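Chemist: These protein sequences, in sequence, are chains H and F.
Take 24 as the starting number for the first sequence in my numbering and just add one per residue.
Take 9 as the starting number for the second sequence in my numbering and just add one per residue.
Worth double-checking, as some hints may not be accurate.
If you want the ones that stay clear, here's a sample from chain H, every Cβ over 10 Å from chain F, calculated [as the list claims (entries may be wrong)]:
1. Ser35
2. Glu38
3. Gly39
4. Leu43
5. Ser49
6. Pro63
7. Gln65
8. Gly66
9. Leu69
10. Ala77
11. Leu79
12. Phe86
13. Glu87
14. Ser93
15. Ala110
16. Ile134
Restricting the straight-line Cα-Cα distance to at most 35 Å, the calculated cross-link-like pairs of lysine-lysine (DSBU-like) are [claimed, not checked]:
17. Lys128(H) - Lys91(H)
18. Lys73(F) - Lys128(H)
19. Lys73(F) - Lys91(H)
20. Lys15(F) - Lys72(H)
21. Lys15(F) - Lys92(H)
22. Lys72(H) - Lys128(H)
23. Lys92(H) - Lys81(H)
24. Lys91(H) - Lys81(H)
25. Lys128(H) - Lys92(H)
26. Lys15(F) - Lys73(F)
27. Lys81(H) - Lys73(F)
28. Lys91(H) - Lys72(H)
29. Lys128(H) - Lys81(H)
30. Lys92(H) - Lys72(H)
Going by beta-carbon spacing under 8 Å, a handful of chain F positions derived as facing chain H [to be verified]:
31. Ala10
32. Gln36
33. Met39
34. Phe41
35. Pro47
36. Ser50
37. Leu53
38. Thr56
39. Gly60
40. Leu100
These are computed hints drawn from the structure, not numbers from a lab.
Everything numeric in this text was worked out from a predicted model, so none of it was measured.
The beta carbon of each residue, even a glycine, is placed where N, CA and C say it ideally should be.
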Amino acid sequence: AQSVTQLGSHVSVSEGALVLLRCNYSSSVPPYLFWYVQYPNQGLQLLLKYTSAATLVKGINGFEAEFKKSETSFHLTKPSAHMSDAAEYFCAVQGGGADGLTFGKGTHLIIQP
Amino acid sequence: SAVISQKPSRDICQRGTSLTIQCQVDSQVTMMFWYRQQPGQSLTLIATANQGSEATYESGFVIDKFPISRPNLTFSTLTVSNMSPEDSSIYLCSADSLNTEAFFGQGTRLTVV
């Protein structure tokens, strides 16, 4: 069984500041990990994924995430926030390639001018 | 990447009726899944749509309420039966092939009145 915990339902940062969205997971098998973004009234867009290759994963729009097995974490970062980054971000875990995804509750990212 | 089309994109339905949502993928995929996103909430996996056999449902979801079909490798339907206001949600179709990421449709926004 898998589970995902996203710390902070809302995160507010200033434009140009570092973005850090936290995700911790639990999985009984080596996991696949994902970050998705959802803009208002839109579907999910994949930001990046970890599938047991490099532990530092680079995604779209300047985002990256680091898989830390010892901490069971997969935090999402971006060095400099942009107004267009304001959205809902979901961390998800997949226990195996044939399984559906288990999502965290999501983090609403607010960018202050 | 695969493109997923969902129909309808939104609907308002009377309680007690049923709605069938269609999901069409533009290429053959191994796995198809259905998720529910209740207002302001994260995504919850309803079931895995298995090609040529009965869907595999997650805990809390049953076939009588959410019958699913998957007649081939590119198409699936989800029916929300005997609807009540509590079924008002966004329903999302997802597809992936082993070793690729999951793609999501834009979702079907259902309102039950």
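Chemist: A separate judgement is required for each hint: does it hold in the structure or not?
Modeler: Going through the hints against the structure:
{"no.": "1", "hint": "Ser35", "in the structure": "holds, 18 Å"}
{"no.": "2", "hint": "Glu38", "in the structure": "holds, 25 Å"}
{"no.": "3", "hint": "Gly39", "in the structure": "holds, 29 Å"}
{"no.": "4", "hint": "Leu43", "in the structure": "holds, 20 Å"}
{"no.": "5", "hint": "Ser49", "in the structure": "holds, 16 Å"}
{"no.": "6", "hint": "Pro63", "in the structure": "holds, 12 Å"}
{"no.": "7", "hint": "Gln65", "in the structure": "violated, 7 Å"}
{"no.": "8", "hint": "Gly66", "in the structure": "violated, 4 Å"}
{"no.": "9", "hint": "Leu69", "in the structure": "violated, 5 Å"}
{"no.": "10", "hint": "Ala77", "in the structure": "holds, 16 Å"}
{"no.": "11", "hint": "Leu79", "in the structure": "holds, 18 Å"}
{"no.": "12", "hint": "Phe86", "in the structure": "holds, 14 Å"}
{"no.": "13", "hint": "Glu87", "in the structure": "holds, 16 Å"}
{"no.": "14", "hint": "Ser93", "in the structure": "holds, 25 Å"}
{"no.": "15", "hint": "Ala110", "in the structure": "holds, 14 Å"}
{"no.": "16", "hint": "Ile134", "in the structure": "holds, 20 Å"}
{"no.": "17", "hint": "Lys128(H) - Lys91(H)", "in the structure": "holds, 20 Å"}
{"no.": "18", "hint": "Lys73(F) - Lys128(H)", "in the structure": "holds, 24 Å"}
{"no.": "19", "hint": "Lys73(F) - Lys91(H)", "in the structure": "violated, 40 Å"}
{"no.": "20", "hint": "Lys15(F) - Lys72(H)", "in the structure": "holds, 28 Å"}
{"no.": "21", "hint": "Lys15(F) - Lys92(H)", "in the structure": "violated, 40 Å"}
{"no.": "22", "hint": "Lys72(H) - Lys128(H)", "in the structure": "holds, 18 Å"}
{"no.": "23", "hint": "Lys92(H) - Lys81(H)", "in the structure": "holds, 17 Å"}
{"no.": "24", "hint": "Lys91(H) - Lys81(H)", "in the structure": "holds, 15 Å"}
{"no.": "25", "hint": "Lys128(H) - Lys92(H)", "in the structure": "holds, 21 Å"}
{"no.": "26", "hint": "Lys15(F) - Lys73(F)", "in the structure": "holds, 19 Å"}
{"no.": "27", "hint": "Lys81(H) - Lys73(F)", "in the structure": "violated, 40 Å"}
{"no.": "28", "hint": "Lys91(H) - Lys72(H)", "in the structure": "holds, 14 Å"}
{"no.": "29", "hint": "Lys128(H) - Lys81(H)", "in the structure": "holds, 23 Å"}
{"no.": "30", "hint": "Lys92(H) - Lys72(H)", "in the structure": "holds, 15 Å"}
{"no.": "31", "hint": "Ala10", "in the structure": "violated, 11 Å"}
{"no.": "32", "hint": "Gln36", "in the structure": "violated, 16 Å"}
{"no.": "33", "hint": "Met39", "in the structure": "holds, 6 Å"}
{"no.": "34", "hint": "Phe41", "in the structure": "holds, 4 Å"}
{"no.": "35", "hint": "Pro47", "in the structure": "violated, 12 Å"}
{"no.": "36", "hint": "Ser50", "in the structure": "holds, 5 Å"}
{"no.": "37", "hint": "Leu53", "in the structure": "holds, 4 Å"}
{"no.": "38", "hint": "Thr56", "in the structure": "holds, 6 Å"}
{"no.": "39", "hint": "Gly60", "in the structure": "violated, 15 Å"}
{"no.": "40", "hint": "Leu100", "in the structure": "holds, 7 Å"}
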